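Trainee: Each chain is listed here by its residues.
Number of protein chains: 2
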Amino acid sequence: MIAGIFAAGAENLEVLFNLFLIIFFAKLLAEIFERLKQPAVVGEILAGVIFGPSLLGLISSSEIVKVAAEVGVIFLLFTVGLETNPSAVLRVGRKAIIVAILGVVVPFVAGYALMKVYDGSSAEAMFLGAAMVATSVGITARVLSNLGLLDAPTAKIILAAAVIDDILGLLILTVVSSVTVGGVDYGKLFFTASLAIGFTLFVVFIGAPFVTKISPKIERLKIGNSFFIFGLLLCLGLSVASAYIGVAAIIGAFLAGMALAEGAEEQPEMIKQTNGITEFLVPIFLVNIGMALDVSVFKDYSTVLLAVVVTVIAMLTKIFGCGIGALDLGWRRAGQVGIGMMPRGEVGIVVAQIGLGLAVIDNKIFGVVLFMAVMTTLAAPPLIKWIFSQEEALFKTIDTEDAGGIVVNQEDWSRLG
Amino acid sequence: MIAGIFAAGAENLEVLFNLFLIIFFAKLLAEIFERLKQPAVVGEILAGVIFGPSLLGLISSSEIVKVAAEVGVIFLLFTVGLETNPSAVLRVGRKAIIVAILGVVVPFVAGYALMKVYDGSSAEAMFLGAAMVATSVGITARVLSNLGLLDAPTAKIILAAAVIDDILGLLILTVVSSVTVGGVDYGKLFFTASLAIGFTLFVVFIGAPFVTKISPKIERLKIGNSFFIFGLLLCLGLSVASAYIGVAAIIGAFLAGMALAEGAEEQPEMIKQTNGITEFLVPIFLVNIGMALDVSVFKDYSTVLLAVVVTVIAMLTKIFGCGIGALDLGWRRAGQVGIGMMPRGEVGIVVAQIGLGLAVIDNKIFGVVLFMAVMTTLAAPPLIKWIFSQEEALFKTIDTEDAGGIVVNQEDWSRLG
Chain A
33 MIAGIFAAGA ENLEVLFNLF LIIFFAKLLA EIFERLKQPA VVGEILAGVI
83 FGPSLLGLIS SSEIVKVAAE VGVIFLLFTV GLETNPSAVL RVGRKAIIVA
133 ILGVVVPFVA GYALMKVYDG SSAEAMFLGA AMVATSVGIT ARVLSNLGLL
183 DAPTAKIILA AAVIDDILGL LILTVVSSVT VGGVDYGKLF FTASLAIGFT
233 LFVVFIGAPF VTKISPKIER LKIGNSFFIF GLLLCLGLSV ASAYIGVAAI
283 IGAFLAGMAL AEGAEEQPEM IKQTNGITEF LVPIFLVNIG MALDVSVFKD
333 YSTVLLAVVV TVIAMLTKIF GCGIGALDLG WRRAGQVGIG MMPRGEVGIV
383 VAQIGLGLAV IDNKIFGVVL FMAVMTTLAA PPLIKWIFSQ EEALFKTIDT
433 EDAGGIVVNQ EDWSRLG
Chain B
33 MIAGIFAAGA ENLEVLFNLF LIIFFAKLLA EIFERLKQPA VVGEILAGVI
83 FGPSLLGLIS SSEIVKVAAE VGVIFLLFTV GLETNPSAVL RVGRKAIIVA
133 ILGVVVPFVA GYALMKVYDG SSAEAMFLGA AMVATSVGIT ARVLSNLGLL
183 DAPTAKIILA AAVIDDILGL LILTVVSSVT VGGVDYGKLF FTASLAIGFT
233 LFVVFIGAPF VTKISPKIER LKIGNSFFIF GLLLCLGLSV ASAYIGVAAI
283 IGAFLAGMAL AEGAEEQPEM IKQTNGITEF LVPIFLVNIG MALDVSVFKD
333 YSTVLLAVVV TVIAMLTKIF GCGIGALDLG WRRAGQVGIG MMPRGEVGIV
383 VAQIGLGLAV IDNKIFGVVL FMAVMTTLAA PPLIKWIFSQ EEALFKTIDT
433 EDAGGIVVNQ EDWSRLG
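From first to last, the protein sequence lines stand for chains A and B.
If you use the working numbering, the first sequence corresponds to residues 33 to 449, in order.
If you use the working numbering, the second sequence corresponds to residues 33 to 449, in order.
Check the hints yourself; a few may be wrong.
Treat identical chains as interchangeable: a pair holds within one or across any two.
What the hints assert, rightly or not - For lysine to aspartate or glutamate, the following EDC-like pairs were computed, each having C-alpha atoms within a straight-line distance of at most 16 angstroms:
(1) K245 <-> E66
(2) K127 <-> D360
(3) K254 <-> E63
(4) K396 <-> D151
(5) K249 <-> E294
(6) K249 <-> D326
(7) K249 <-> E63
(8) K254 <-> E66
(9) K220 <-> D360
(10) K245 <-> E95
(11) K245 <-> E297
(12) K417 <-> E66
(13) K249 <-> E298
(14) K396 <-> D326
(15) K245 <-> E298
The hints are simulated quantities; they were obtained by calculation from the structure and are not laboratory data.
In this text the structure is predicted, and so the values were computed from the model without any measurement.
When you get a sec, could you build the whole thing from the sequences and use the hints?
Mentor: Laid out in structure tokens, this is it:
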């Protein structure tokens, strides 16, 4: 029967329809939020909560959606890297390291203590602490980019600290996983740490100048769009490499972008092509975060209370932890750094998934961590917008067309800054 | 243990590494082929055969790869549609219909007769015939685009005929599936046919002018890159709609592009962003075709002979069937049309998969159809390049930079043509 034909294509049809609806609802709520003068990114995450399996059930997550979301956040960090000149990061390097370390230690200790107070096991306590550590630089980067603030002085510190943060967070996760399963393998831990740090330094000090040097040769290749293809391969390649040595894939993507930043300045075509992939996949990444929140676990009153407490502590410890590290820049800028480091987003969710997989935490704590990750992410954009509002007012002439997307008009900034 | 961490990310790591290798090998062979003055598209398909599971086994297909390939060919046809002004297609409409009908009838009858001579069942014979019917316009479009020939007079006929061809092919597949499983449902068949034709006419005559009319309103939306987002949604939406009513998704994508063609002329940004997605996903589509060829079924001498005979007949019937329909344009142009309609690519493979799923054909015939689909696809680019070579020589000043990608410099053409 005719069903035979549809059966063969039906699976793909469903996949395509789901992708269509995800992007459609994301952009519908983005447009509504923009008109309410709220960050579009919040609308896109809320689209996942409202239209996802938790409430209306019109869209759903799947293996395909997850991979598209992961590739989306990889390209988002790649784009952010493309606009981050290594020398600018190096200038804020020392400050970023202090911010990152305080932003890891304070939330971890607070999360551990909180869970102990709630009569959790040491293993649970360590996992909650670990989930509160990692910063979701993707969300902050998207909001700063939409506001046209990627070149603000504190933005550089936030992005650099978030990268260091992710490396430290992954190391803590390594320790916690080892302890809860059977004891720390210090040799392996030291090895992973050395690899991660060595990899980052290698890309910044050797990779970036090398790429800048060979850029003219890449342009002479016979294949079309060779510089874009090279960037694509470098982005995917370094993502895989960093995931392989135990650092998050997005770190590799960010480093790949940074290595290409100088060469890309003369490649507006390549920036726009990358932007096309980002605009296609980032809504899927944002909606997928929203879909991860299972609203039903919060029927239990005690879970709601714990979730709220954990969320508040997660926010305060990052704001104060990171803020203290940047206090010599003045209160307002310290606040910018603290709030910019607040969203946990997909990194907290990944930690929670690993904890659940190891049977260290149960569904309740999993729900609490998801709630914390989503709420810190939802709360961040309006707070970022608010604390950066004076900064924004200083640069009224910025091209608002471009600020809507991920490409920020850097010329306006350098002219004004 | 640390394995716990990798386990959670390991699956995605493998997926990413596979995607990286697919694009890397595709572009490596594309570069080699370009330097040998051969079409890059052949190199990219061969990368799938050589590095795929059939031979070296360094890359593999998967659900993710298949969806990426499908989305890739959807965006490829969307891009082709973006460069196809509806009025230009309407001008060649009557000719295209004749070419399409002859290009469907002649291969189907030949395929059926051939299988009967080989003592196949009626069901097998009908499936082989159906697999020889559909044209893979994606391959031809890519080659013509790379050569900067999308605006050649016969290119329009080929693209329009291939669209009609696909609709007719899908209808034949519907009949064949019905007959082999239990009897034709003429009511359903008529319904599908009417829907498919109505859908196409609706998009061309009502959708396209409507989109052109509302384009200025879309640009005024608050979200960033609104025209690109609109195009993205229209492309995915019409793909889903056409797949839903029983026509291939790529037809919907092509129609979406055509509806936007006029509005997109003032949106160079949007063209480049779409190009980014195409450049990312089309290599995956091409490599995936190459990976579908299982070399091991050809250890049996009789299978090889059958495969070669089927391939030769598949080529000749399209060349002569479609060529006769365009004979009044002169021998050379009739040859261009016939050869342009030759590649079966993914459409033939889809037919074979459905036949295997219905248990109508066995692994041997499946292998033969795959061989035919891949070989007609491999043979087409050099033949297209050869038969269009005089056409190409007429336009020496074409911007070769742009011809390397999918975006063809139309200004050069209109100035010269």
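Trainee: If a hint holds in the structure, say so; if it doesn't, say that too.
Mentor: Hint check:
{"no.": "1", "hint": "K245 <-> E66", "in the structure": "neither (42 angstroms within a copy, 24 angstroms between copies)"}
{"no.": "2", "hint": "K127 <-> D360", "in the structure": "within (10 angstroms within a copy, 76 angstroms between copies)"}
{"no.": "3", "hint": "K254 <-> E63", "in the structure": "between (41 angstroms within a copy, 6 angstroms between copies)"}
{"no.": "4", "hint": "K396 <-> D151", "in the structure": "within (14 angstroms within a copy, 64 angstroms between copies)"}
{"no.": "5", "hint": "K249 <-> E294", "in the structure": "within (15 angstroms within a copy, 37 angstroms between copies)"}
{"no.": "6", "hint": "K249 <-> D326", "in the structure": "neither (51 angstroms within a copy, 37 angstroms between copies)"}
{"no.": "7", "hint": "K249 <-> E63", "in the structure": "between (42 angstroms within a copy, 13 angstroms between copies)"}
{"no.": "8", "hint": "K254 <-> E66", "in the structure": "between (43 angstroms within a copy, 6 angstroms between copies)"}
{"no.": "9", "hint": "K220 <-> D360", "in the structure": "neither (37 angstroms within a copy, 75 angstroms between copies)"}
{"no.": "10", "hint": "K245 <-> E95", "in the structure": "neither (39 angstroms within a copy, 39 angstroms between copies)"}
{"no.": "11", "hint": "K245 <-> E297", "in the structure": "within (14 angstroms within a copy, 36 angstroms between copies)"}
{"no.": "12", "hint": "K417 <-> E66", "in the structure": "within (13 angstroms within a copy, 49 angstroms between copies)"}
{"no.": "13", "hint": "K249 <-> E298", "in the structure": "within (14 angstroms within a copy, 33 angstroms between copies)"}
{"no.": "14", "hint": "K396 <-> D326", "in the structure": "within (10 angstroms within a copy, 48 angstroms between copies)"}
{"no.": "15", "hint": "K245 <-> E298", "in the structure": "within (13 angstroms within a copy, 36 angstroms between copies)"}
Checked against the numbered hints given earlier, this structure breaks hints 1, 6, 9 and 10; the rest are met.
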